[in-house]
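**Student:** So you can see what is in the structure, the chains are spelled out below.
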Amino acid sequence: MPVDEARSLPRLLAGVLGQPASLAEHRARYGATPPGAHLLDELEAAGLTGRGGAAFPTARKAAVVRAQRGHAKVLVINAMEGEPAAHKDRTLLATNPHLVLDGAAALARAIGAARVVVAVARDEQATARIVRQALGERERQDRGLTLELHTPPWRYVAGEESALVHWLNDHQALPQYRPSRPSILRVAGAPTLVDNAETCAHVALIARHGATWFRAVGTAASPGSTLVSVTGAVARPIVVEVALGTPLRAVLQAAGADPEPQAVLLGGYGGTWLAASHLDTPLANEALGPLGASVGAGVIVVVPTDACGLRETLRITRWMAHESARQCGPCAFGLPALARDLQAIVAGGPDAPAAITRLTERSAAIAGRGACRHPDGVVRLVRSALEVFAAHLDTHRRGRPCAVGARRPVVAVPELEPEEDLVWQ
Amino acid sequence: MAVRSRTDTFVLVVNPVQCDGYGHCAELAPELVHLDEWGYPILATAPTPLAARAVHESARLAVRHCPRRALRVERHPAAPASSRSGARTE
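Protein sequence lines, in the order shown, are assigned to chains A and B.
Note that my numbering has the first sequence beginning at 16, numbered continuously upward.
Note that my numbering has the second sequence beginning at 240, numbered continuously upward.
One thing to keep in mind: the hints can contain errors.
[As the list claims (entries may be wrong)] Here are the computed distance ranges between Cβ atoms for each label pair: (1) A:275 with B:266: 55 to 61 Å; (2) A:187 with B:266: 38 to 44 Å; (3) A:158 with B:307: 27 to 33 Å; (4) B:261 with A:49: 56 to 62 Å; (5) A:265 with B:266: 53 to 59 Å; (6) B:259 with A:72: 36 to 42 Å; (7) A:379 with B:303: 26 to 32 Å; (8) B:261 with A:21: 55 to 61 Å.
The hints are simulated quantities; they were obtained by calculation from the structure and are not laboratory data.
Since this is a predicted model, take the numbers as computed values, not measurements.
C-beta: ideal position from N, C-alpha, C; glycine also.
Turn these sequences into a full structure, and let the hints steer you where they fit.
**Tutor:** Structure below.
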């Protein structure tokens, strides 16, 4: 393929967003998957990393499962998208569902799996319908493979891979304590690989076009394109496909977002606030890492200059505390305490200075003490908020309510469900 | 059984899902454990030399008497530099 063509985007989101391509349309658009004998080598050469948030090398993760004994392995396609600020997997499935399934089938064959599970959150009925329809169209397509749709409850942590596997086994969407990593996950006793839906779509294209094509966009350390969900100060929530390494400001432009915001939240709710002064930073982990940030699940929430970032952080923290699985003490008790401290700071009363001290100390005490990374994400969010919104913090510290406090909230945080209504099964 | 070298180290590790914050560990192994404001243990992360026999004994007591069986002692061989994958659980 000519280089120019290899560089053209979109790759994953060809077609009309939200109009799922039938199998025939998909074939016309992308061609058939060639039988790939050395898929994992190609993925390794491509440098594809997981697009669910952890950015772990896909080939290495797959090789660990392939090396396990037995032929009854399981591949789980993670389209849970528990991150409220993300809608890229949903958008991808609603546009090119067969691209995800092609990649899944190819990966399953490469690791020796006979069973493929697609996991879509129960609340996402439209996405589940699209996947069910697509699976129906492929009945004669994926010989020797069983493809199933499963619908766990939508919870923030339900898409964490150990929680997802636990739900598939025991219908409990709870993260598991895994003392040694990498540990082998198992569904019904069979070694299991869990990969994000977008990751699978990239696999499908690497199987077709190869590693060199994949690397025609992106940086040497972060090759390829990626889907980014942009919300907040934007005309409407949108998913854009950009080359990794694209400056954040250019991503905002592509999304039609406020080009001169106050700050952006990067990665997800458990992500990192970045001040507008960092918007020339490339969207790539090697550039974001030194700033304490990462691409995460491809989330950018744009906060305009007339918003109070501390209040936004409070709203997110309160919701994240509510979404704790309440299995680990430091998370179950610590996150609500962080939310209370933020509440005291935002209110700007006489307790505000003490609350800032408490928040800092508690953040340090909570980090790294959960079975999963949920509390660590909240700590990252809170710590970066104290830095990035330092000017606002100073106003609040002096006991004054924030001048922009009356503005409509920016971040679309879901409503808190009553605790007794939270479904984990 | 592995040979116990004078320079081997250990760390006390908690399973946070299993732990219910009884706090016995902080009394039995105060050298390694203090409790957070909610009563859950914060463990020393720096490896302790096995040669520090009294501390090792405290850690073993804490493991044995945890009502939730949430603790374990992880031993790390001295050389090469301790890695998690090389850890043994006692």
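**Student:** Now, for every hint given, state plainly whether the structure supports it.
**Tutor:** The hints, checked one at a time:
no. : hint                         : result
1   : A:275 with B:266: 55 to 61 Å : 57 Å, holds
2   : A:187 with B:266: 38 to 44 Å : 33 Å, violated
3   : A:158 with B:307: 27 to 33 Å : 49 Å, violated
4   : B:261 with A:49: 56 to 62 Å  : 59 Å, holds
5   : A:265 with B:266: 53 to 59 Å : 58 Å, holds
6   : B:259 with A:72: 36 to 42 Å  : 37 Å, holds
7   : A:379 with B:303: 26 to 32 Å : 30 Å, holds
8   : B:261 with A:21: 55 to 61 Å  : 60 Å, holds
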